[in-house]
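Chains as they are written, first to last, in my numbering: chain A, 1 to 229; chain B, 1 to 127; chain C, 1 to 193.
If you are wondering where the hints come from, they were derived from the structure by calculation, not from laboratory data. Take the hints with a grain of salt, since some may be wrong.
[Said to hold, decoys possible] Capping the alpha-carbon separation at 25 angstroms, the derived lysine-lysine pairs in DSS-like fashion look like this: (1) Lys219(A) with Lys136(C); (2) Lys55(C) with Lys136(C); (3) Lys142(C) with Lys188(C); (4) Lys217(A) with Lys85(C); (5) Lys205(A) with Lys55(C); (6) Lys217(A) with Lys55(C); (7) Lys164(C) with Lys219(A); (8) Lys219(A) with Lys188(C); (9) Lys92(C) with Lys142(C).
Computed from a predicted model, the values in this text were never measured in an experiment.
So you can see what is in the structure, the chains are spelled out below.
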Amino acid sequence: METMELKDFPNEAFRAILNIDAKQRELIHRYLECSDDVQSVVRSMFAVLEHSLTTNEDRQRAITTIADTLFVNPMEGHGNYGFDFLTAERDAARKHEQVERRSVVAARLDQLDSQEATFAQRLRKILEEKNVTQEELAARIDCTQSAVSKMLSRDARPQRKTIFKMALALNVQPTDLWPNLEVAAILDSVDDFFADRELTEEQAKAIEAASSRPPVKVKTRELPSRKRK
Amino acid sequence: MPITTHDGWRMRICRPAFQDFHAIFPRYYARSVLNRQLLKLRWWSPDERQVVDLDWCFDDECGLPHVFVEPGGELATGVRVVFFEHSPDPQRPTLWILGGVRIDEEFEAQQKLLFYGRSVIVKERAD
Amino acid sequence: MSDLESHPENRPLFADAFSPADQPFLAGLRCGDEPWAQAATEWITCSDVLDSIDKYGTKVWVYRNLEEDEAVVGFSSLAATGSQKWPPPDGKRSRLLYIPQLGLDQKFRGYPPDPEWRYANQIMEHLIGQATLLAKRIQQEKPPSKHVELLTLKVHRGNAAARKVYERYGFEVLTGFEDNEHLVMSHKLDLGE
Numbered sequence: 001m002e003t004m005e006l007k008d009f010p011n012e013a014f015r016a017i018l019n020i021d022a023k024q025r026e027l028i029h030r031y032l033e034c035s036d037d038v039q040s041v042v043r044s045m046f047a048v049l050e051h052s053l054t055t056n057e058d059r060q061r062a063i064t065t066i067a068d069t070l071f072v073n074p075m076e077g078h079g080n081y082g083f084d085f086l087t088a089e090r091d092a093a094r095k096h097e098q099v100e101r102r103s104v105v106a107a108r109l110d111q112l113d114s115q116e117a118t119f120a121q122r123l124r125k126i127l128e129e130k131n132v133t134q135e136e137l138a139a140r141i142d143c144t145q146s147a148v149s150k151m152l153s154r155d156a157r158p159q160r161k162t163i164f165k166m167a168l169a170l171n172v173q174p175t176d177l178w179p180n181l182e183v184a185a186i187l188d189s190v191d192d193f194f195a196d197r198e199l200t201e202e203q204a205k206a207i208e209a210a211s212s213r214p215p216v217k218v219k220t221r222e223l224p225s226r227k228r229k
Numbered sequence: 001m002p003i004t005t006h007d008g009w010r011m012r013i014c015r016p017a018f019q020d021f022h023a024i025f026p027r028y029y030a031r032s033v034l035n036r037q038l039l040k041l042r043w044w045s046p047d048e049r050q051v052v053d054l055d056w057c058f059d060d061e062c063g064l065p066h067v068f069v070e071p072g073g074e075l076a077t078g079v080r081v082v083f084f085e086h087s088p089d090p091q092r093p094t095l096w097i098l099g100g101v102r103i104d105e106e107f108e109a110q111q112k113l114l115f116y117g118r119s120v121i122v123k124e125r126a127d
Numbered sequence: 001m002s003d004l005e006s007h008p009e010n011r012p013l014f015a016d017a018f019s020p021a022d023q024p025f026l027a028g029l030r031c032g033d034e035p036w037a038q039a040a041t042e043w044i045t046c047s048d049v050l051d052s053i054d055k056y057g058t059k060v061w062v063y064r065n066l067e068e069d070e071a072v073v074g075f076s077s078l079a080a081t082g083s084q085k086w087p088p089p090d091g092k093r094s095r096l097l098y099i100p101q102l103g104l105d106q107k108f109r110g111y112p113p114d115p116e117w118r119y120a121n122q123i124m125e126h127l128i129g130q131a132t133l134l135a136k137r138i139q140q141e142k143p144p145s146k147h148v149e150l151l152t153l154k155v156h157r158g159n160a161a162a163r164k165v166y167e168r169y170g171f172e173v174l175t176g177f178e179d180n181e182h183l184v185m186s187h188k189l190d191l192g193e
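Only chain A is shown next, with the shape it has when bound in the complex (with noise of 0.2 angstroms):
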């Protein structure tokens, strides 16, 4: 058998491996312990992660994933890989990893069981007076009947565009049917303004010329803390 010298070991990839630490050693270690396909998958990974044109977000997802193979972390209750959808679910409130977080997922919970029933309760009542059948409606908006059914019996959440496809085919208003859908939209738009952005030529020139003016003198004042026993 024909052995290597060591002249001919390429000097940077010699000292790369040993220059491998602990972690670095665990995460070899990991990957040669998976089967061919996984190491594939894994490697496929590591190539888009490599790719110049990834997007930030391709990385995340690639990242995310070799995490998920490498260093599998399975739930209590939930199997050896992967959640039970509905499980998780159905758990969001009870068993939030943060504490002071169960009563809030809890409310928000119950809202959106109650945003479904008042909209269930208001399209059963205007089907009524209508006197428009689960058929006809699921035919004027493109659906099955069966989709209005799950609907009515709030077993499924619609969609914005469907509430506006029943509106127009009932000839009411959308707010008729779900009375906060403008408050969702305002939540969103807020939360939107925290986004990095690329910004226009508009943009960057309004921020200047805001940028430019003199500060505004206001009154600000300093207001007290209430003490607390």
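With chain A held as given, fit chains B and C onto it using these hints.
Below, chains B and C alone, put in the same frame as chain A:
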């Protein structure tokens, strides 16, 4: 694919999919609404063009179906959610949610590779 | 009789940093029936405020008018936006200060009658003061700090009353950022430069 139970498909989701949705919707409110929409997948049938009121299609290149959750109101952006059927126990037909991309993001070879890769991991690891 | 004795409502509000423990005491808060007012109520009483603090480091204050009463009369919030980049493709980064939400219980609209003590004015003046401190801190400690002297907010196009208040405090429309429902306004903070 037979839906053998009244409750429809058993639904599973992999951790990277959760992380995709966290990245697309930092607000819990929006994610909770997305989850409600995805619950409709319980009634997915390859023979019907919609899942309740969600449009879906099959991508031949990666061999995986996607469902489209529309933007509007509660969801600032629409989402393409990739899923597939994998039932280690044939008595429990199961759909797996593999992840999602914003509706205005590309869905080309690289993205398809990512989700195909996840489906391989599911097939290997799911019990 | 002193002014406080004849008008006991003319007193400073109490301002405290929000914590999740405050949420039960926010249950009775109603900012109003208009969609923007409902959104403000929902933001502070549900998960949005917690998400905003966790993800963006938003500072939130709750305001009370009575020392012995836990009930909250209003709230405000303050954060820095993500990077604003200009020119493309990899231009300079800047950030703006941003008020994600503020709200006042509807029963205190226009109250007290004396503008010096009106709750809406107290909240605005407190918030602008906090924004000034934050902008100075960012300039000293945390780049990018370009444009943090601009304090921004979104105002619903239908909310004429709020827009008047903001204009009184020197906010002007910032063009190019509007969407279907909202205008964006900005106020240049006086950082004493």
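Which numbered hints turn out to be false for this structure? Numbers 4, 5, 6, in rising order.
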